[in-house]
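Engineer: Residues per chain are reported as follows:
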Amino acid sequence: EVQLVESGGGLVQPGGSLRLSCAASGLTFSSYCMSWVRQAPGKGLEWVANIKQDGSEKYYLDSVKGRFTISRDNAKNSLYLQMNSLRAEDTAIYYCASGRTIGDLYYWGRGTLVTVSS
Amino acid sequence: QSVLTQPPSASGTPGQRVTISCSGSSSNIGGNYVYWYQQLPGTAPKVLIYRNNQRPSGVPDRFSGSKSGTSASLAISGLRSEDEADYYCAAWDDSLSVLFGGGTKLTVL
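Chains A and B, in that order, are what the protein sequence lines are.
Position 36, counted from 1, in the first sequence is what our numbering calls 55; the numbers after and before it change by one each time, with no gaps.
Position 59, counted from 1, in the second sequence is what our numbering calls 62; the numbers after and before it change by one each time, with no gaps.
Hints are computed from structural coordinates only; laboratory data are not their basis.
Please note that a few of the clues may not be correct.
Label-pair distances were calculated between CB atoms; the ranges are [what the hints assert, rightly or not]:
no., chain 1, residue 1, chain 2, residue 2, range
1, B, P44, A, G45, 17 to 27 Å
2, A, Q32, B, P17, 20 to 30 Å
3, A, S82, B, G33, 19 to 29 Å
4, A, G34, B, S98, 21 to 31 Å
Within a straight-line C-alpha distance of at most 27 Å, the following computed DSSO-like cross-link-like pairs (lysine-lysine) qualify [what the hints assert, rightly or not]:
no., chain 1, residue 1, chain 2, residue 2
5, B, K49, A, K95
6, A, K84, A, K95
7, A, K95, A, K71
8, A, K62, A, K77
9, B, K49, A, K71
10, B, K108, B, K49
11, A, K62, B, K108
12, A, K71, A, K84
13, A, K62, A, K84
14, A, K95, A, K77
15, A, K77, B, K49
16, A, K62, B, K49
Here a beta-carbon is modelled for each residue, glycine too, at the ideal position from N, C-alpha and C.
Same shape as in the complex, but just chain B:
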């Protein structure tokens, strides 16, 4: 089972907008929902975006998700210091498995 492809790192200054990409294939992102998770240091992952672009209650609207073809993106606007975390994309794959991206470490400069 292969992984989805994310950049290992991203950074921005407070107030900026940053995007994190996630690349897959027709058997995963192309045909199934994409999820995004935030993992703060020393804590469990938390869902940020589900079903491509839906935000759970309590997640600020600064976070948004989109999907096009076999790629997806997470955008964070109005970057804040508390957004410094690891971010993972995930999708069901037609090989009957869940695939995760390798994770992107976001640094707020």
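Next up, chain A with everything else stripped away, as it sits in the complex:
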């Protein structure tokens, strides 16, 4: 059974930083593209970033470019999202998702809540 487990969320002040992690099991992690998707309270889904299997290509939502960095460690079956200069509008549940191709969000984790507030 594929499992994606996010961690690292919490309360942070505006301008602060957080690093999210996603631990994967039940799949050959290095064969999957990985993504972060967020959902603000009461709102719809919004893709944030994704990364190819070998980390060679990374893509970002315009509003997070220059502030967020997606990375992966295939040896540790883990995905990361480094979030800097956080804003109130970044408040959301952050989900990690995996798929065979770059636009494929097939398996999803349960999410981790990030709250940006003073």
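The hints should help you fit chain B onto chain A, whose structure is shown.
Structural biologist: Frame of chain A; chain B shown alone:
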């Protein structure tokens, strides 16, 4: 990055067939695969349809997806009370991003 267009709400009675539309453009739906997700209240999204019309194992065949040009549809036949959820379409866009629809809240009357 723009969103795909879905109706905000849909409804039906048990046993009915309902469809949810998703409209995009040639740079997303028109040239790439469409995915559909179901999100039950308080839970993470789950893939219902991938690559336009493929169903993961475990998803009932009451759910079906189709695509024509720059639009796609999700059909749910034999509507059941447990189908009450939010439904999202998504597609890769040639601008190198994933686009989601705004979501459709399905109510089973």
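Engineer: Next, verify each hint and record whether it holds.
Structural biologist: Evaluated hints:
{"no.": "1", "hint": "P44(B) <-> G45(A): 17 to 27 Å", "result": "holds (26 Å)"}
{"no.": "2", "hint": "Q32(A) <-> P17(B): 20 to 30 Å", "result": "violated (49 Å)"}
{"no.": "3", "hint": "S82(A) <-> G33(B): 19 to 29 Å", "result": "holds (25 Å)"}
{"no.": "4", "hint": "G34(A) <-> S98(B): 21 to 31 Å", "result": "holds (29 Å)"}
{"no.": "5", "hint": "K49(B) <-> K95(A)", "result": "holds (25 Å)"}
{"no.": "6", "hint": "K84(A) <-> K95(A)", "result": "holds (26 Å)"}
{"no.": "7", "hint": "K95(A) <-> K71(A)", "result": "holds (16 Å)"}
{"no.": "8", "hint": "K62(A) <-> K77(A)", "result": "holds (25 Å)"}
{"no.": "9", "hint": "K49(B) <-> K71(A)", "result": "holds (21 Å)"}
{"no.": "10", "hint": "K108(B) <-> K49(B)", "result": "holds (15 Å)"}
{"no.": "11", "hint": "K62(A) <-> K108(B)", "result": "holds (12 Å)"}
{"no.": "12", "hint": "K71(A) <-> K84(A)", "result": "holds (17 Å)"}
{"no.": "13", "hint": "K62(A) <-> K84(A)", "result": "holds (21 Å)"}
{"no.": "14", "hint": "K95(A) <-> K77(A)", "result": "holds (19 Å)"}
{"no.": "15", "hint": "K77(A) <-> K49(B)", "result": "holds (24 Å)"}
{"no.": "16", "hint": "K62(A) <-> K49(B)", "result": "holds (17 Å)"}
Hint 2 alone, counting from the list given before, is not met by this structure.
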